[in-house]
Each structure stands twice: as C-alpha cells, then as structure tokens.
Amino acid sequence: MRRLKIFGLMLALVLAAGLWAGPALAGGVKWLDYPAAVAAQQKQAKPMLVYFHLPYCYRCKDMKRKTYSQPEVISRLNTDFLAAKVDLEQESAVGEKFQAEYTPSYVFLDAGGKEVFRTKGVFGPQRFLKLLSYVSSKAYQGKTWDQYQQGD
Amino acid sequence: MKKVLGALLAMALVMAAPGLALATNGMNMIGTGAVSSGMGGADVAVPAGCTAIAGNPAQLATTCNRVVSVGGALLNPQMDVTMPGQSGVDNEFQLFPLPFAGYAQRIGTSRWSWGVGIFAQGGMGVDFQNVKNFSGADDSLYSQVAFMRLAPTVAYNVTNHLTLGVTAFAGYATIDYDFFPNGVQGQNVTGLSSFTIAGRFGANYQINDQWSVGATYTSESSLDFDDGEMRFNFGPGLGKVTYRDAKMDNFTWPRQVEFGVSFRPTTKWLLAFDVSWVNWAAAIQTVTVTASNPSTPVPAGYENLSVPFIMDWKDQWVFALGAQYEINDMWTVRGGYNYGQNPVPDNTLNPLFPAIVEHHLTAGFTFTYGDWDFDFALEHAFSNSQTNTGAPSPTNPFAGTEVSHYQNTAHFMVSWRF
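Going down the list, the sequences are from chains A and B. Quick note: the first sequence uses the numbering used here, first residue 2, plus one each step. Quick note: the second sequence uses the numbering used here, first residue 5, plus one each step.
A portion of the hints provided could be inaccurate.
As the list claims (entries may be wrong) - Across the chosen pairs, the derived CB separations fall in these ranges:
1) A/Lys-98 with B/Pro-101: 40 to 50 Å
2) A/Ser-76 with B/Ile-201: 36 to 46 Å
3) A/Pro-72 with B/Asn-388: 43 to 53 Å
4) A/Lys-131 with B/Trp-420: 16 to 26 Å
5) A/Lys-139 with B/Leu-166: 39 to 49 Å
6) B/Phe-97 with A/Glu-116: 31 to 41 Å
7) B/Glu-96 with A/Lys-131: 51 to 61 Å
8) B/Asp-375 with A/Gln-151: 17 to 27 Å
Keep in mind that the hints were calculated from the coordinates and are not lab data. Idealized CB from N, CA, C, for every residue including glycine.
Turn these sequences into a full structure, and let the hints steer you where they fit.
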C-alpha cells in the first residue's frame, strides 16, 4: 500500500508538471504547400526551404517540437525564407522532383529557384538557425556546411 | 522453417556464450536496449527505433527511414545462499552477455513499417560451488535458463495519432542445472532445449504533442524442453547413471499486459511511466523433469525418473518510471526506477531459481553524431533476501534456506540511420 502511495505521488508530480507548458508558439512557422511557395517566390525574392516530412516519423515530430516551435526559428523562417512543407506520402510528386525520400530532410533553393544546398536529420534550434544563416548569407558559395559549422 | 529459426536462435545463444542468464522482473529483463533500460524500462508510450521489436511494436510505426541497431548488455549477478546450519556461500563470478540486433524501416513513404530483431528476452541462473549438500559433502548448485527471441514485426499508422503493431516471436530456450550432483539422488541435467512461438500486439495513441498512451499484450510461450540428458546419482554401488532422454514440462514464459504513458512537460524533457502485469501464476507452477532410457541397467522402478520442482510463482506487478533530458543536439541523459514484485513465494523458494530482485535504479545517455546514436546505460538491482519458510519435505528440500541477490548490468547500443 505504501508503495502504491509512492507511485501515486510520482504520477501526481508528472501530471502537475503538465501545467508547465513550455515556450509560446508565437504563431508558428508560416508553412506553404510547395506550389504556393513557388508562386510566392515569383513575387518575393527570398530563398526557399523545402522541408520533407512524414506525419508519423518521430524525428519529424522532434523537429516540430524542439525547433519549429522556437520563437527565434519561427521569426527567422517567416522573415527571411519562404517555407514549403511537403508530406511525402501525400505529395509524392514533389518528393520525386527533388529525389527526396528521407525524412526529415531539407532542400534550400535560392531566390531564383535553384537548389543550392540539401541536408537531412534532426537539428536543434541553434544548429538550425546556423543552417538558415549558412543559406541566407550564401556561405555555401565558399564553404562546406561542415566548414561553416566549425567557423572556418 | 522451424529448423531454420531454431538454428538462428541457437546461433544467437552460442554468441552469448559462455552463458546467458539473469533475473530482473522475474525472469524478464526490465527493458531492451540502452534507451529503454536507461529509463527503468518505461518504454510502452515512448517512440523507439529497432528496440520497438522487443517493446511496444506499435512504436515501430514511428520509424522515419531505415535504422539498424546492434548492442547488448553485460550482466553481473551477485548471489549468496545460506542453507540451515551452514555458512553462506557466494555465487561464482559470472558475466553474461545479452545480445541485441535489429533492423527497421518504413516501407517507402507508406503508413507501414517493418522490422526484425533478435534479442535476449530473459532467463536466470546460479553457480554455487562448494556448497554442502544434504549429506554435508561439498557439492554444487548450478542452473542456467536462457531465452532468445527472433521477432519479425509490422506496424501501421492508422491515423496521425493512432499506431498499431504486431510481433511474432519465435523463441528458443535452453536449460541446464546441477542439483547436488555428488549427493545421493543428485542430478546433473544438460542440453534441454525448446522452440516456441508467441505474439505481441501493441497500440499507441498520441493525444497531443505532450501526451501519449500505449499498451501491449503478449501471449504466453509454452516451452516443452527435450533432447536433454540427465546424470542421476544412485550413490555408492551403481554411482552416476546417464539417462539419455530428459525432458522438462510445464515451464512457460508468461503472458503479459502493459500500459504506459509518456509526457513532455517541455521541449527537452520526456517523462514515462509503465505498469505491467505478468502472469507467472499460470506459467510457473510445478515444473517436472522426466528422464528415461538409462545407459546402464538400473534398479526396478528407476527406469523412468520424474523430478517435480514445486514453484507456484505468483503474478507480478511491475512499475517503471523514467525521465529523459536532451542537453543539446548531441547529448541526451536518462534516469529511471523499476520495481517488480518478487514472484517467488516464501514457501517454495529454490536457490536454483532465485528471481527475487525487486528494486532497480538506472541511468544512461545517448551521444548522437550525425546519423549515428551511441547509447549507454547502467542498471543496478538492489539486494533482496528471501528465506524458504515452507515445511521440510521431499518436494521442498530447501526449507530454511536463505538466498540474497543483487546485480549490475551495463547496456550499450549503436544505431545507424540511413
């Protein structure tokens, strides 16, 4: 009985912790579908992030939870990029166009619609912001992503 | 097909040489893989890679691409047996390797995932040398129960929130034991083995970005051990006689029901809590070893031997609580606590099968480098002591015997996503 009480207390602590809801979402990333992002790029000279995901993939959920929820990431994406989100199950044609099958993966296009960089995997907020800077500053023209991360 | 599966599992058992035996939650490990074990085994509602094959198969549906994992554990049990009127005897040093290997992938970009893995489900064993037998002579108590499973698994995303999975377990188990082989009526049994099948169904429902709940049901695995050999000691005169056909009946791996909940209070924290019910009461009652076909003539009435082990284990409740914190992109740390009620009744305690530890504390971490994960966890099962309080009888030879048991386990795993 005493043990059950201890576990009851632990469970209550877990539930109470639910009141701690984490950072505010600040409206979230303004995701577009790929055709809408292409159309928007005709009017706005911005680089584009094409984000390939599957709704079930837990690493895609990690990106949503850890990175796309962060105000600084949201602000940076919404201000400096056009963000296209492609569900590879529903939009397989876009996946085939970019030869993308890995999730989560990222293809960056410059303001003219030309692919300039692609990568994959889960990025925490700071590393993802660095990735956005790598593309927006056009550092890819002179450095590899690894060199850029190391500050060379 | 049965022979091929048996050969694969037997090969895995050989890989686990010199032996494979443990006792954590009864005879089950508290978790499979360093991630689950690092969280005290609380994994039913937690996304997993290949280890979902040995946990909640529905979690395999969270696979993103392809992942292969290889690892295992090294378990060091520490036991002590004290028979009435004798001093305590420590277990011989043992270090058991418990392998795991798995592969999982999403089928294209569909809602289906599949995987296959091979892993140590559990077991138990002791090695007491120089313990006095019932005649007061130096003798030994030794046992080794090992159970490996090969587990093809499929999982399906019914909706963005609900996932289901099913695993078919092909199991292979072995048992050897020495029961005071130097004393009159002592036995040395080797080579008992059994092939068995079972299944596990799992479900997971992600309520929202913070909460998930999951559940599993595992059917029992009936084990009919045969192909063994028994050396039975008739004492002075006839000595030890080998019986070429030894079998063991009524030894079953139990069915199990698990329920789990996971919760993310912040983006970096993950908390998980599992409750499991293990039906040992239906699985381990009176285990009977029979032997026939003696290699030399034996006294009338001894052509066929029957040795009952009255065990009458109790059902077991297991509670697991785990926490995980992501320090940064590369480092994740974990801690956990696991409590599994001792399923062994006081009046049938047998030092050959001392699955009595209850409290476990665990800690671990993952180091992520690109597409690679390196997982590590340590598990400590705190010492538990138990005394056989039953009345002395031919079927309860260990009345008054006390057994103490604790153990340390190191888990490690390497995973590659591609």
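Tested hints:
Remark: the range hint 40 to 50 Å for A/Lys-98 to B/Pro-101 is upheld by a beta-carbon distance near 48 Å. Range check, A/Ser-76 to B/Ile-201: about 55 Å between beta-carbon atoms, so the 36 to 46 Å window is missed. With their beta carbons about 50 Å apart, A/Pro-72 and B/Asn-388 fall inside the hinted range of 43 to 53 Å. Taken as a hint, the range 16 to 26 Å holds for the pair A/Lys-131 and B/Trp-420, whose Cβ atoms sit roughly 24 Å apart.
Between A/Lys-139 and B/Leu-166 the C-beta distance comes to about 44 Å, which sits within the given range of 39 to 49 Å. For B/Phe-97 and A/Glu-116, the Cβ-Cβ distance of about 60 Å falls outside the hinted range of 31 to 41 Å, so the restraint is violated. At about 55 Å, the CB distance of B/Glu-96 to A/Lys-131 agrees with the hint of 51 to 61 Å. Remark: the range hint 17 to 27 Å for B/Asp-375 to A/Gln-151 is upheld by a beta-carbon distance near 19 Å.
The structure is inconsistent with the numbered hints 2, 6, although it conforms to all the rest.
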